[in-house]
Structure formats: structure tokens, C-alpha cells
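Single-letter residue listing:
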Amino acid sequence: MIINLVEISGAQALIESLKREKVKEIFGIPGGSVLPLYDALYKSGIRHILAHHEQCAAHMADGYARASGFPGTCIATSGPGATNIVTGIATAYMDSSPIIAFTGQVVRAMIGKDGFQEADIIGITTPITKYNVQVKDALEIPTTVKKAFYIASTGRPGPVLVDLPKDVQTESAEMDFSSTFELRGYKPNTDPHPIQVKRAVELLLMAERPIMLAGGGVIISNSSQEALKLAELLLMPIATSLMGKGSIPETHPLSLGMVGMHGKAEANKLITESDVLLAVGLRFSDRTTCRLDQFCPDAKIIHIDIDSAEIGKNAKVDLPIVADAKKTLTQIYEQIVQKTIKREKSTWFDRIQQVKNQLQNKNHNNGVSIKPSDIITELRRSLPNNAIVTTEVGQHQMWAALYFQALEPRTFITSGGLGTMGFGFPAALGAKVAKPDVPVVDIAGDGSFIMTEQDLATSTLEKIPITVVILNNSMLGMVAQWQRFFYDRRYSASELKNVPDFIKLAEAYGAHGVRVESCEDFSRAIKNVLKSEITTVIDVPISPEENVLPMVPAGMGLKDMMVDSE
Amino acid sequence: MSVKQTYVIGALVENKPGVLYEVSNMFRRRGFNIESISVGVTEQKDLSRMTITVNGDERTIEQVIKQLNKIINVVKVSILNPKTTVVREMALIKVHTTDSKARSDVIQYVDVFRGHIVDVSSDSLIAEITGDSEKIDAFIELVTSFGIKEVARTGITALSRGAKVIKSSQELVKEAI
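Protein sequence lines correspond, in order, to chains A and B. Quick note on numbering: the first sequence equals residues 0 to 565 in numbering that gives the first Met the number 0. Quick note on numbering: the second sequence equals residues 0 to 176 in numbering that gives the first Met the number 0.
Worth flagging that the hints you see were computed from the coordinates, not collected in a lab. Any given hint could be a false lead.
As the list claims (entries may be wrong) - Straight-line alpha carbon distances no greater than 30 Å define the calculated DSBU-like cross-link-like pairs of lysine-lysine that follow:
1) B:Lys82 <-> A:Lys145
2) B:Lys82 <-> A:Lys312
3) B:Lys148 <-> A:Lys312
4) B:Lys134 <-> A:Lys186
5) B:Lys44 <-> A:Lys135
6) B:Lys148 <-> A:Lys186
7) A:Lys186 <-> B:Lys75
8) A:Lys326 <-> A:Lys338
9) B:Lys3 <-> A:Lys312
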């Protein structure tokens, strides 16, 4: 075998490695310790998108990954550049999103000497990365990049950080791009155990009131079809976690919508009545289950997850299956279809329809102010099925989860685990880079949007047109809601007092700004902006008194949900 | 109610800088308590072996094992069954010996505990005691009345008896991508 060794710099080797991983776009901000890398990137054929804060570069990579399923990449310089991406990495870690962050580092001889712009980014990011590594020798770059992509995108995906001392980037070496690597401690198991599958089949066939709870893992493993086929066969309703939203079309008769602290009333009610819960690719987060012992008290729980550490971490599980969701659901379906015919009706299905009719969110428009639910419903009507919606974090996020019917996987992108305000806008930019032909809308709150609004500059300069819909109550709305319910309306530090003027702000960055006064206004505005070549910020003033309901107060069970504020 | 007890965990890890940090950091972040940890190289120079003792109930230990397994640089983890495991700890104990009576008493105790005297000075000596942790505790208690100047304990290290080993199995060894 002839191995072609080429003598190039570490930085050039990194670019070559990225190309071999089929990276077309990378997000980042240059700085002192990544200058060699940026020099190699110059006219390399890889599109670099200049972010305006490193946190946003990481969120963009994250949005890119979630929209496309392909790992997103970002670059930050050493020290403050690296520490600025920490929130982005933690966000991706909590939501199992594959991003690869490259950080500059001071030269090897300076490490540990507290040199200018030195930060121990390996130490800092160890608890929030799936894997991180500092490259000590330029020769290691080709295999390190291969490892990084492999680890980030296989098993339970997650962020990987590669730290590159500046002199490793400049060092020349004879690089071998054909080299392989071994990971003795990493071998994700994707095949379900046949006995566990058989037991799951038995439980599901005996169940009278089964519910499938679909998590983000259904989307990550591309098993939406398999989940739906199994649900239809058994006439089993599907609820989702926030991260599972979009895994099945929410207009489907078996869809219950999101369950949890701000879940749909019908989903929350029905899940407590279930006798078998088929949980797929989720981690029983406290926001999904609320009080765990009251979540599905009478149900046997089947838990499918690729990460064995999720089994038994939060919920006590009756039947764990550590495997790929797609393979597992396929096998369960194939065995059940041999034993039963497709169910056309059941008393459980009747019960579901009854509860849905009784509890489905009614529109209480008082005619005074614009209802967030109306805006979001109108947005859904205006957008094609494959349009991508991202959110920030807070009231608007929960309204989006409740009222925006996601129809396809990877079209509802939100910071579920970490709850990162400021995530939605840069994530929308990243998603748009991944899917340039699809409309992308960030449903935002005023408080969240302010946290990363400087990346309007990125949108303008890099020509990434998206739409931002700000449900503007001039409050940190979710904080205010809790203060209203639990702190006797003492609005401590939660009022934003209509600063800034989002129209002027958008214009300052070369974007459009539109303020709407009614739902009809919004309807017209959204239709116009979807064709726009520049980003539009639509400011939608709403009442500061609006609450997100239903709500399960902290520490309570699903059955204690408040459906209205009286 | 779940019963808490002490478990001994053996882990083979990549012999690389930072792996001890990864492991100890996981314990800290997940709120697990390490009672003792000892690390050393193995017969394979690219692998280190960690012996970790943890106190907790069964469910906690299960999580500890799973979270350890999740660390990419951790190759293999197992719980060592106390009934079939050789467990040893070594301690160096510097005892205050003011007179020859005290000195000869301590030397006798060290003999009984099958230890060694590894250093003697005019008013102190250092005893080396090896055994399970309870034996070391007992020795320390015994000589406390003389006055203990310093104690250094290694933390326990352990191996399964007989042919059983913690090894990266064949398929784990070679996974070339």
C-alpha cells in the first residue's frame, strides 16, 4: 500500500480534514491564536460565516446540526473566545446535538503560564462535552478530526471540542490522512436485545391504555416513520417531550402534543391514565415529568435509549432497551404485525377523542390585545410544512410548543435542556445556512432576543435572511408569570420598559423592522417577509398579563395542573 | 429504603493526561462521593487501572458505573465483589515515641500487625502497615495514645481472585474506523 504523505502545516491539515468530513460551512470569529487557521481557511472553498459573538457561532453550528442532522462546526480563539462558546456547548450537550468546536490555544510552551488569552478550555468544558482533546502534535490533526466527527455524530450525539495551540497550527509535518484510530472505550450499542424486544411486544399487546412518549431521540435517529407506523398499528396515541416535538405530525389524530410543566392539558391528563408507557429517546427530564411518582403512576414503563446511563437515571423503568430507536421500533413493529391486525377502534381511542374534545385549548380572545396563540396559529397557516421554527426561552417558547403544530422532524428547534435565552436567533441563522431554500422563523421574546441581537449583523453581512417574530410583552415574561402566581405580583427586575425600539434596532443592522397592531397586520406582514432577501424583525406587542397555561407548579404532579389563572 | 454500602470499582482507563480529572470531575458533578481512589499503570503501558471506593445504594452505584462507562477514555469498568476480591491498602504512620518503652511497644504492635518499621528517629518512628482498611484503622487506633504525627494512606487497590480479569474484550481492543 502506498501512503501519500504530504508536508503541510497543522492549520492546512485541519482544513483538509474538514473537507474530507464534507464540511461546507463553518461558523466563527478569528483572533490571535487562530490566525494560522484563518489563513488556511482563506479561499479554501469552505464558507466561513463570521459571527458577532462566539456564543452565537456555537448556537449557529447547533442550529445547523439540528436542522440538517449533520455535525455543525465552529471556531473561537483562545481565552475569552473559548469561554464565550461555553454556553453554546452546554446547550448542545443538554440537547444531544453534534457540534465540533475548534478553539485556539496559546503556544505549547506557554500553556500553564497564564499567558495572554489563555484559558483552560479543556478543564472548563470537560463536564459539558461528549469528548474534548488538546492536540499536542500537528501530526495528530487528521486522526483527531476523524475521531471528533465520529464521536460527535454516533451513539448519543453531543459536542466535541478540539483545542489547538497556535504553534501546532503552524508546525509542518508529513500528514497521513488515511490513518485510522481505535477507541477502546467507545462502542455504542445499536442493536436491541432480542429478549427485551420480545418483552416489549408482550407488554404492548397486553396494554389497554398504551401511550408512546417520543423524545428528541426519535428525531435524532430518524425514526419518525417507524414510531408512527407502530402507533397506528396499535392505535396508540403519541405524546412528545419538548425535544420530541416534530417527531410526528401534530395534526395526526393520534398526536397528543407536548407533555410536561406547560404541556397540553389532554396530553398531561391522558398520560396519567396510561397502563403502558413506551418512552423513546428521552431522559425523563423534570420539565417533562413534573413530580415523577405522579407522572404515569399505573404504567409499566418501557424505555428505549441509546445511552445506557439514561436508564434508571431519573425514572424507574420496568423494561429498558439500550439501542438505536429506529432498529428497536422496527423490530417491535415487525413482531406485533405478525400477531395482531391493525386496530381500527378501541375504548382507549374513544377516551382520547373525548378528552381532546373536552380539553383542547379554546381560544379566549378578549378582543383587547393580540393573543400569542392567534399569532402562532396564523404563523403556522402562513408557513409551508417544511419551514423551520426556532425559539428562544420563556413564555413565547411554551406558546410556540403549545400552538405551533410541527409537521416534520427537524422543523422545531429549541433549547430544551439548558433553556438558553438567546439561542433561537443564532440557531435560526445556522438552520438557514443548512437549509437555504426553507423559510426559517425565530419565535422570540423581547428579553431573549436582546441577548444575541448583535448577530443581526451576521444575518446582514452573510446574507442569511430569516424572520424574527418577537412576542413583545416588555417583560421577562416567564419570570413575571412566576412572580404573578407565586410572589404576589412583586415584579422584581422583570420589567423591560419597551427598550429598545426593535424597529430601529433592526434598521441599524440593515434588517427590516415591522410593528404589527393586529392579527390581520401580522398575517400580511408574514406573507411579505417570507420572500424577503433580508432579515425581518416583526415586533408584536402583546399584553404583559398573558400567562402560559396549562401550568404544573414546581414540585407538583401532572394531575395538579392549572388550566386557567383563576 | 435502599441500603447504602461501600462498593469497590475497578476501571481500566486510557493512560493519558487528564483522564483522572475526567473521572473525578464526573463524580463531583453528579454528586457521587469518592471514598478513595488509587491509580497506577497496568501490564499494558497504555492502560491505567483505577480502584475507586464509593459509598451508596444500589441505584447510585449503577449510575456511577454507567456514567464511568460513558467517558470515552474509560475502557472497562466493573464492580468488584468483596467476597472474591483481594483488597489491600498501605499506610505509613509516623508515631511519637518519647522513650524506649514507647518505642519497643510500638515495634511490638507493628510485629503483631505484620508491618514494618521503615524509619526511626530519636523521638518517632514510621510504621508501614498493609492490609484491608479495617486493619489499618485498628492499628491507627491502637497507637493513637502514643501520639500520631502524620499518616499517609494509599487508598485501596484491589484485584479479583482466580482467573477473572477486567480486560478490554477482543472486540473492544480493535475498533478501527
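These are the hints, each one checked on the structure:
1. B:Lys82 <-> A:Lys145: Judged against 30 Å, a Cα distance of about 44 Å means the pair is violated.
2. B:Lys82 <-> A:Lys312: With Cα atoms ~28 Å apart, Lys82 (chain B) and Lys312 (chain A) stay inside 30 Å; holds.
3. B:Lys148 <-> A:Lys312: violated (44 Å)
4. B:Lys134 <-> A:Lys186: Given that 30 Å is the threshold and the Cα spacing comes to 41 Å, the pair is violated.
5. B:Lys44 <-> A:Lys135: holds (20 Å)
6. B:Lys148 <-> A:Lys186: violated (49 Å)
7. A:Lys186 <-> B:Lys75: Status holds; Cα separation ~11 Å.
8. A:Lys326 <-> A:Lys338: holds (19 Å)
9. B:Lys3 <-> A:Lys312: Within the cut-off at roughly 17 Å; holds.
Violated hints, in rising order: 1, 3, 4 and 6; the structure is consistent with all others.
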